[in-house]
Amino acid sequence: MAKINLRAWREEQSAERQKQFIVNLVAAAFLAAVVVFLIGFYIDMQTDRQKARNNFLRNEIAQLDKQLADIKQLKEQRARLIARLNAIQELQGTRPLIVRSFDEMVRVLPDGVYYQSLNRKGNTISLVGRAEKSDDVSSLMRHIYASIWFGEPNLHTVANDANMKKFNLTVPVLKPALEEVN
Numbered sequence: 000m001a002k003i004n005l006r007a008w009r010e011e012q013s014a015e016r017q018k019q020f021i022v023n024l025v026a027a028a029f030l031a032a033v034v035v036f037l038i039g040f041y042i043d044m045q046t047d048r049q050k051a052r053n054n055f056l057r058n059e060i061a062q063l064d065k066q067l068a069d070i071k072q073l074k075e076q077r078a079r080l081i082a083r084l085n086a087i088q089e090l091q092g093t094r095p096l097i098v099r100s101f102d103e104m105v106r107v108l109p110d111g112v113y114y115q116s117l118n119r120k121g122n123t124i125s126l127v128g129r130a131e132k133s134d135d136v137s138s139l140m141r142h143i144y145a146s147i148w149f150g151e152p153n154l155h156t157v158a159n160d161a162n163m164k165k166f167n168l169t170v171p172v173l174k175p176a177l178e179e180v181n
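Residue numbers (numbering that gives the first Met the number 0): 0 to 181.
Don't read these hints as lab results, they were simulated from the structure. Hints should not be assumed to be uniformly reliable.
Below 20 Å or equal to it, Euclidean Cα-Cα: the simulated DMTMM-like pairs (lysine to aspartate or glutamate) are [as the list claims (entries may be wrong)]:
#1 K164 - D110
#2 K120 - E103
#3 K74 - D64
#4 K174 - D102
#5 K65 - E75
#6 K132 - D110
#7 K120 - E89
#8 K174 - E151
#9 K164 - E131
#10 K71 - E59
#11 K174 - E103
#12 K165 - D134
#13 K174 - E89
#14 K132 - D160
#15 K165 - D110
#16 K165 - E131
#17 K120 - D102
#18 K120 - E151
#19 K164 - D134
Simulated restraints, written as ranges between beta carbons of each label pair [claimed, not checked]:
#20 Y41 - R77: 51 to 57 Å
#21 V35 - A61: 37 to 43 Å
#22 L90 - G150: 18 to 24 Å
Every residue, glycine too, gets a C-beta built ideally from N, C-alpha and C.
Could you put the whole structure together from the sequences, leaning on the hints where they help?
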């Protein structure tokens, strides 16, 4: 038995192992390449999905920005309309007040006093008139001050003019509360 040659068998086994090693190495390399390819494909797929989400969010943000701009424009337009409406309502509301204040100017007029001109600017009426006596001017001022429609009158000038007293005074117009009017 000492003469049996096992060298050929060992060489065949070594060659077979080498071949098996190379096949395993190629298979492992192929499997690693497939895994790397699949991981790359998965990462690309996730990147594409994230880009799609980002684009969707950008589009939605752009739409919201446009809607915000529209809302801001509508608020500005609403504010302008409200200002116009308030101005119209104020004019409508003061129209009876103007008529009532001029009507009240006639009611407070004592005998012997005559108006030459009435001028209203804002909430102030400027009067130029004539009176027979200075007491008549004082009486007019007391009547004006007693009225709920006027504030305290301010006498600017009193001058003699052909047996008459010419006077100039200003009167603030008030807006009385509803309880005072009725």
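Comparing the hints with the structure gives:
1. K164 - D110: holds (14 Å)
2. K120 - E103: holds (17 Å)
3. K74 - D64: Distance ~15 Å between K74 and D64 Cα, so the pair holds.
4. K174 - D102: Distance ~14 Å between K174 and D102 Cα, so the pair holds.
5. K65 - E75: holds (15 Å)
6. K132 - D110: holds (10 Å)
7. K120 - E89: The hint holds at about 15 Å.
8. K174 - E151: holds (14 Å)
9. K164 - E131: Roughly 6 Å between the alpha carbons, so the hint for K164 and E131 holds.
10. K71 - E59: Given pair K71, E59 holds - Cα atoms ~18 Å apart, limit 20 Å.
11. K174 - E103: Satisfied, since the Cα-Cα distance of roughly 12 Å is no more than 20 Å.
12. K165 - D134: holds (13 Å)
13. K174 - E89: Holds, at roughly 12 Å.
14. K132 - D160: holds (11 Å)
15. K165 - D110: It holds: about 15 Å lies between the C-alpha atoms, which stays within 20 Å.
16. K165 - E131: holds (9 Å)
17. K120 - D102: holds (17 Å)
18. K120 - E151: holds (16 Å)
19. K164 - D134: holds (10 Å)
20. Y41 - R77: 51 to 57 Å: holds (53 Å)
21. V35 - A61: 37 to 43 Å: holds (38 Å)
22. L90 - G150: 18 to 24 Å: holds (22 Å)
Of the hints listed earlier, there is not a single one the structure fails to meet.
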